[in-house]
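Position chain R relative to chain A; hints supplied.
For the protein sequence lines, the chains are A and R, in the order given. With UniProt numbering applied, the first sequence covers 1 to 65. With UniProt numbering applied, the second sequence covers 1 to 622.
None of these hints come from the bench; they were simulated from the model. Since this is a predicted model, take the numbers as computed values, not measurements. Ideal Cβ positions, reconstructed from N, Cα and C, are used throughout, including at glycine. Take these hints with a grain of salt, some might be off.
To be verified - Listed next, the stretches of chain A that the computed footprint assigns to chain R, with coverage defined by at least 3 CB atoms under 8 Å from CB atoms of chain R:
| # | segment |
| --- | --- |
| 1 | 17-23 |
| 2 | 35-45 |
| 3 | 49-58 |
Unchecked claim - Among the chain R residues that face chain A by a calculated CB cut under 7 Å, a handful are:
| # | residue |
| --- | --- |
| 4 | E161 |
| 5 | S163 |
| 6 | V165 |
| 7 | K465 |
| 8 | V466 |
| 9 | T469 |
| 10 | G470 |
| 11 | L473 |
| 12 | D480 |
| 13 | D557 |
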Amino acid sequence: MASTNNLKWLDEDTLSTNVARRFAVFCKEDIQDLEKLGVLEPEVYEAAVRRIIEQFESKGKESKA
Amino acid sequence: MIINALTAENFRKYKKLELRDIPERGLITVSGSNESGKTSIADALSFALFGRTYLTDEDNAGKLIHWGAKSASVMLTFTKDQDTYQLIRIINENGSVDAQLFNENKADMIADTPKEAEEKLKEILGYGYPTFSDSFYLVQRELSTPNPDSESIKDMVGISEYSRVSNGFLRDNERDNQALLDLRPKYEEIYHELKTLNIDDTWLPELVDARETLETTQETGGSLANNLQNASDSYATNRSYYLKAKGRYGFVRVISDILLALLIASLMAWGVMVFLPEETEALTSPDAWFDYQVFKTWSEEWMSLFSAGLAILFFIGMVWSWRIEDQELQPLRQTANAFADNLMDGQRIITADIESMVPVRCASYLDARGQGIKMLLGDDEGNQDKLETLSEDIKTYTAENERVVLSAKALHIRLKDQGRDINYRNTELNQEIDLEIARTAEAAQLKRTLDGFDQSMQEHSMNIKVQTTGVELLRRSAKDLTEQFNQSVSKTSARILPYFTNQHYKNVKIDEQLNVAVFSEEKNDFMDFDEISSGTQRQIMLALRIAMSEELAKNNDNEHQFIILDEPFAFFDHERTVTTLEQLPNISEIISQVWVVSQEFPEGTQDDKVIACAQGQDVFES
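Same shape as in the complex, but just chain A (with noise of 0.2 Å):
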């Protein structure tokens, strides 16, 4: 099973939070680990991303504004 693009989308530079990039760097070897476990779900798993990167993001954006 692979991955769908093994998160190149998520670039942590670009990524305004402290907690959002840590979280992105962890999950990119993650996905790996995963990926060798074969037990990765490349869909669910990175839509779960996403939504855990937005909602970290949308708190980031809250407290900028």
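Same frame as chain A, but now just chain R:
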């Protein structure tokens, strides 16, 4: 976050407090005997930031007003991320608190109420009072073993947001599960209704086709019946015309044939005279039966005219006969043929079996509804042969008028009967079609509803899957960050600890539950926290807390951070106190502004700002 200035009026011990020119980096000592106002300074800072102190919560702010005064105010200036902020809190006579927060760089007031200030400060600093009191405001007597599940530790690890998001996912999962539980019985109910309808998608098209076929047959039959009536009515007249025309045609053709024969004969005679003169001369003997000379003279004078006349008459005869054939006989034959064809078509229609016209299921349906498969009840097998003979006779107008009229009338009646029969069947079919259309529409509506439920259930299921994956992902990430935090805290603690313990302990190990083990040089092994003396425990705990505070500052993008250590050396001997004071400003690049509150400091302490409080002094400026 670095403190730049702190001023207060009528706050606790002080009528007026003014601390300015506070260095961004270095050691700031706050000294004084009991009740000299040291803690009032720390409380002023805490109150300015969070509207509360260690002992006085938000609802009892009135207790912080200086004795004899009616109101108090505190103003704090601090820097975070290159921005300088000014925070003002005023305690009114009734104990209520006003708050305002300004961004001095932007010359903008960003909060105008305590609630707004609390929210903005949480956003700017990344933590609230509980975390502050566990990190950047360390009171030695209150230091305790950190609880890994506390919010302040989560703030320090950088996973407090994780709890918010993870709990949100878990709540969403509950909602999605509930939605699924609500949808499932509805889905099953609609599914059962749809199943009960038992729609066959091919049945309605078959019924409609059958109706169209029967309608077409009915229309054709009706049209044929009318045609037969008309044709039958005009047959006798046409037959009379036909026979008369046929007689004229025969007469003209006979005359024409005679004229042709005469023409040929005259031409032959003329040819013999021209091409066989000697032989014709022989015919002029006295014994000849006619006078050749007379004939020759006549021929030479009239033959050509005679032949031309014959030819003209022959031509006229031919044209006349052609005209009779074309203008009279041919149309009448066509009419007769059409009549004959109509008869046979009508016969075919009335003898047609319904199964040959509509699908078997429709025929069976009509049969089941009490309609016989046969259209007509009469025996038409024998009539078929008679009609075929009659049809052939009609084509030649040899059929007797009476026979034609009777047969056509009989067929007309049968076609009309059949029309009524088909009409009756179509009524049955229409009822079934209307019913089936209504059932199909109902099924389509149920299917749409079912599809909607199905899509909704799939979305909820997918949400649950994503959210569960998200919760698990956050758990793994939190575990990873906690491990990093523990390693980092261990590393920082190991750097600080030797100063605090006079080189007795140099290494610490922190597990997932934040249990601390300290490496003893003497035992050459790690010791559990409770195996060491309480004094050393306090020193280790202080080192650990400073290390954790550094992590908190990092997680909130603080490049430089202040820390207040209130009576940190209560369990330190003189040597350890001196060593620690020397090293405190240098233990971390991040924890750069170190405030130390103590009754007294050893001589020769290298401080960068001295705040020396004295008993009875209610105005302090520094």
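Quick rundown of the hints versus the structure:
Remark: the segment 17-23 of chain A is confirmed as covered by chain R, as 4 of its residues place a Cβ nearer than 8 Å to a Cβ of that chain, reaching the required three. Coverage of the segment 35-45 of chain A by chain R holds. Counting CB-CB distances below 8 Å, 3 residues qualify, and the rule asks for three or more. Chain R is given as covering the segment 49-58 of chain A, and this holds because 5 residues of the stretch bring a CB closer than 8 Å to a CB of that chain, at least three being needed. Taken as an interface hint, E161 (chain R) checks out: its beta carbon lies about 5 Å from the nearest beta carbon of chain A, inside 7 Å.
About 12 Å separates the beta-carbon of S163 (chain R) from the nearest beta-carbon of chain A, more than 7 Å, and the hint is not met. Taking 7 Å as the C-beta contact cut-off toward chain A, the hint placing V165 (chain R) at the interface holds, the least distance being around 5 Å. For K465 (chain R), the suggested interface contact is upheld, since its CB lies about 5 Å from the closest CB of chain A, less than 7 Å. The beta carbon of V466 (chain R) is positioned within 7 Å of a beta carbon in chain A (closest approach about 4 Å), and the interface hint is therefore held.
Interface restraint check: T469 (chain R) against chain A, minimum CB-CB distance 4 Å, threshold 7 Å, status holds. A least Cβ separation of about 4 Å between G470 (chain R) and chain A falls short of the 7 Å threshold, and the interface hint therefore holds. The beta carbon of L473 (chain R) is positioned within 7 Å of a beta carbon in chain A (closest approach about 6 Å), and the interface hint is therefore held. The interface hint given for D480 (chain R) holds, since its Cβ lies 6 Å from the closest Cβ of chain A, which is under the 7 Å cut-off.
Checking D557 (chain R) against chain A: minimum C-beta separation of about 5 Å stays under 7 Å; hint holds.
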